[in-house]
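Number of protein chains: 2
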Amino acid sequence: MIQLAVFSLLLLHCTHVCSFNLDELKNYIDSHQEDYVLTLRDWVAVESDSSDALKRDELMRMMKITENKFNDMKGHTNRFDIGNQELPNGQIIPLPVVVTASFGNDSNKATVCIYGHVDVQPARMEDGWDTEPYNLTEINGNLYGRGASDNKAPVLAWIHAVEAYQALDMDLPVNVKFIIEGMEETGSNGLDELISKQKDDFFSDVDYIIISDCGWLSRKPALTYGTRGNCYFFAEVEGPKQDLHSGVYGGSVFEPMIDLIGLLDTLIDSSGHILIPGINEAVAELTEEERKLYEAIEFDVENFKNKIGTNGLMYDTKEEILSHRWRYPSLSIHGIEGAFSASGSKTVIPAKVTAKFSIRQVPDMDPPTVEKQVTTYLNDMFAKRNTPNKLKVTMIIGAKPWLADVSDPLYVAGRRAVQKVFGVEPDLIREGGTIPVARTFQDVTGKSIIMLPIGGFDDGLHSQNEKMSRYNYIEGTKLFAAYLHEVSQINKS
Amino acid sequence: MIQLAVFSLLLLHCTHVCSFNLDELKNYIDSHQEDYVLTLRDWVAVESDSSDALKRDELMRMMKITENKFNDMKGHTNRFDIGNQELPNGQIIPLPVVVTASFGNDSNKATVCIYGHVDVQPARMEDGWDTEPYNLTEINGNLYGRGASDNKAPVLAWIHAVEAYQALDMDLPVNVKFIIEGMEETGSNGLDELISKQKDDFFSDVDYIIISDCGWLSRKPALTYGTRGNCYFFAEVEGPKQDLHSGVYGGSVFEPMIDLIGLLDTLIDSSGHILIPGINEAVAELTEEERKLYEAIEFDVENFKNKIGTNGLMYDTKEEILSHRWRYPSLSIHGIEGAFSASGSKTVIPAKVTAKFSIRQVPDMDPPTVEKQVTTYLNDMFAKRNTPNKLKVTMIIGAKPWLADVSDPLYVAGRRAVQKVFGVEPDLIREGGTIPVARTFQDVTGKSIIMLPIGGFDDGLHSQNEKMSRYNYIEGTKLFAAYLHEVSQINKS
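Chains as they are written, first to last, in our numbering: chain G, 214 to 706; chain Y, 214 to 706.
There's no promise every hint is true.
Which copy is meant is left open, so a pair is good if it fits within one copy or across any two.
Heads up, simulated DSS-like pairs for lysine-lysine below, C-alpha to C-alpha not over 30 Å straight-line [what the hints assert, rightly or not]:
1. K454 with K518
2. K410 with K705
3. K505 with K605
4. K518 with K605
5. K268 with K454
6. K603 with K518
7. K531 with K633
8. K520 with K603
9. K605 with K520
10. K603 with K412
11. K433 with K520
12. K322 with K605
Hints are computed from structural coordinates only; laboratory data are not their basis.
Let the sequences and hints guide you as you build the complete structure.
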């Protein structure tokens, strides 16, 4: 009897398409986690830094690796040329292709489109990493490496979720499409145009869009219903035709660095108030319903301070801190190119210095308006200095914010999937960072969008020692497998 | 008859010490200029950057090359250990030895001591050099390379001047001593103590001190009678324990970069007025005699503007421009370490940023007082910002200014030597840069000091494309040979 039963089970497994079984998927994912970590290691090893034109070949290679992966999975793949990029110095270089893949084409099923990116932020050992940033290193259950959490592991978790269904001969509950880009970290150049062009083609049968390019707020899983946009500026002050000796020339020339410092100091005051006219006025009022969402969130201010390693934050309460991270604009000064930035001392008057700063965008701010406000303001402030040096302000990224309705069925399905994998109710949160494409998907396709994060709250995105925990990577893969099923149930309940 | 005469001449040349003959020296120097350029190439190839702790081995090697050169010339050499250096991060590394050499020990002759340095400022191709900075490259009669003018060619010109006397069996008119250091570019660490210790030993028989670590003001040769000092500061603002993502954290944290920008903007206003209380008040009044010296100098303001490549200077007249370069303090902001300084964009909130700025010192400013003024002022300004971030202000260089009497016999001898080699009367100028050891020599030994420059007015010290022209290098060697004779005549006229 027992032998016969086992035989029947094997037969069933080998000759028929199995129906959904979450436990079986979970087991499969658990038993293949070493493979998943190895694949992540391979992907992290590619220095696909989209902000550095010198790394463009690596980025191209990353797109090819992604396409090959989909081909190995028998997906129907496509690569879209999205044109060229003009660097601030006028040089023209090619943008990386956008890779798409489709799994399943059953008109009786819903179709989800998963968006992700495989480019990364810059990373160098000398920035203060404890391990080589492009050599994935596991320490105490954490997988350290640039791009591990942002966004290579989440992309792979979706891929592995689909692979798990395939390996178990389990019918995919929905048709699954992927759209993977390589310019997210510098503002998704060229992607908006592609989405518009593909509205009635690639996106014609897409019902839902899923983005997993963010993180939880705490150790509790979360669903994300909004992101801030970003307007990133270069302010270049150009003076002498070459660097000068500060002893020989100091006192006789207008120093570009002093002009730039004076200019930057007019952007924001010490209490975080942005001084550019029009910015704060454009921010949507906080509603009572919204205030209640903030009150419900699990967030420990002291933990947050400890994690950052600071004694003081700009605000005292959970609600103020979260709302200023998510639904109010912020201005950050990232650094200055062209000045002396090495260790040691150098008595130089730098000839041309370029400040990099950005303003996070929230409803109802509008990037073209912000560009005009910032440019006009800085030119006015610069004129007051009466310097012979030249100022050039350029907005190199102008990404809109995005906001979803938390009562949308996609979010209901998300809460179910989280319950089935983690056994808890997720936090409903927003993201202070920018996923520029979310707003484009919303504007162009008009489809519902959900952000379904698996990154940890302490993953160190964009900073030293970025990591993805093995737990989040593997349980996240299970969450994605479960979510594909929950989405298929949306119109059936 | 003819054969006999040649024989006698040879005999005379070989068995007797010849007497001074400037034309013979000039001819010898002219005919050996290719060797001199090759030696300079070898010296420039050593990356003896004293500001970069990672280049310390190269600097050590440069000191050894210098010592070997003196030994090859049969000088009596010595190497002085001057102890260790503590880096801002607390690390302790050894300082390079100071090398001395003596040629001649005749108590009937005067003794000159030539000071020079063989360390250099930082240089990287990506700073905008047109040629490899450590590969001496001749273009249109100019020898491009880091340290070519500051100070390797002048040190070699002195060495070649002595070698010319030796090669011609010409008696050195004075005893010649050298003292060569390797930490000039970062403030001559350890040298002051060595000079004090050697006051009654190495310096006991020194009558005059000669420094050739500066340049002419125009195409006309010059003698230099003053230099500015330099107080170099690091202002470090430390906040979060690591860099943060500006999207995720922007708006909730006090950003160290914004605090630092605000702080730097309190140092100096847009018209070049230093705002730190006490600095301007300490400056000696301009006397009527001094004003006349400025009026006599050959200096073309338009040329100066063209050379810099600017439409406007801080001041309009020759006298104002030169006095603000030479006898008034100036403040320069060199750059910021720890912020994003590469090309491209990075959405980072840097965790720890260190500004580098310096204030050029003039009589009657005093570095310890300036250190206190700057530290107190910045701490007061920082306290007003009410930020939880930490400020640490460190003065890493505190070099005094130096001023000589232009009627001193050393200057009279200098004018004679310039007349004999160049056929013109030199400009009497000051130097906006710092040769920290000049003031120490003055204070410790009490001997007369002259600065006898051979560098060109457009050598680009400390900046991209530093060069020494072949003309200045070779004619400068002749000037030094002539000067040794003129100094020997000081008490004989």
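Within a copy, between copies, both or neither: which one fits K520 and K603 at a CA-CA cutoff of 30 Å? For K520 and K603, the Cα distance is within 30 Å only across copies (17 Å; inside one copy 42 Å).
Evaluate K433 and K520 at a C-alpha cut-off of 30 Å and name the case that applies: within, between, both or neither. within (16 Å within a copy, 63 Å between copies)
As a check of your reading, is K605 near K520 (CA-CA no more than 30 Å) within one copy, between copies, both or neither? So K605 and K520 pass the 30 Å test across copies only (23 Å; inside, 38 Å).
Should K322 paired with K605 be assigned to within, between, both, or neither, using CA atoms and 30 Å as the limit? Classified as neither: same-chain Cα gap 53 Å, cross-chain 63 Å, threshold 30 Å.
Tell me, please, which holds for K603 and K412 at an alpha-carbon limit of 30 Å: within, between, both or neither? Intra 43 Å, inter 52 Å, cutoff 30 Å: neither.
Between copies, within a copy, both or neither: which fits K454 and K518 at Cα up to 30 Å? between (45 Å within a copy, 10 Å between copies)
Between copies, within a copy, both or neither: which fits K268 and K454 at Cα up to 30 Å? So K268 and K454 pass the 30 Å test inside a copy (29 Å) and across (29 Å) alike.
For the identical chains here, do K410 and K705 meet the 30 Å Cα criterion within one copy, between copies, both, or neither? For K410 and K705, the Cα distance exceeds 30 Å both inside one copy (32 Å) and across copies (93 Å).
Please sort K603 with K518 into within, between, both or neither, judging by C-alpha distance up to 30 Å. between (41 Å within a copy, 15 Å between copies)
From the Cα coordinates, with 30 Å as the cut-off, is the pair K505 and K605 best called within, between, both, or neither? Close neither inside one copy (44 Å) nor across copies (42 Å); limit 30 Å.
For K531 and K633, with the copy left unspecified, which applies at a CA distance of at most 30 Å: within, between, both, or neither? within (29 Å within a copy, 81 Å between copies)
I want to check one pair: K518 and K605. Are their C-alpha atoms no more than 30 Å apart within a copy, between two copies, both, or neither? between (37 Å within a copy, 22 Å between copies)
Of the numbered hints stated above, those contradicted by the structure are hints 2, 3, 10 and 12, listed in ascending order.
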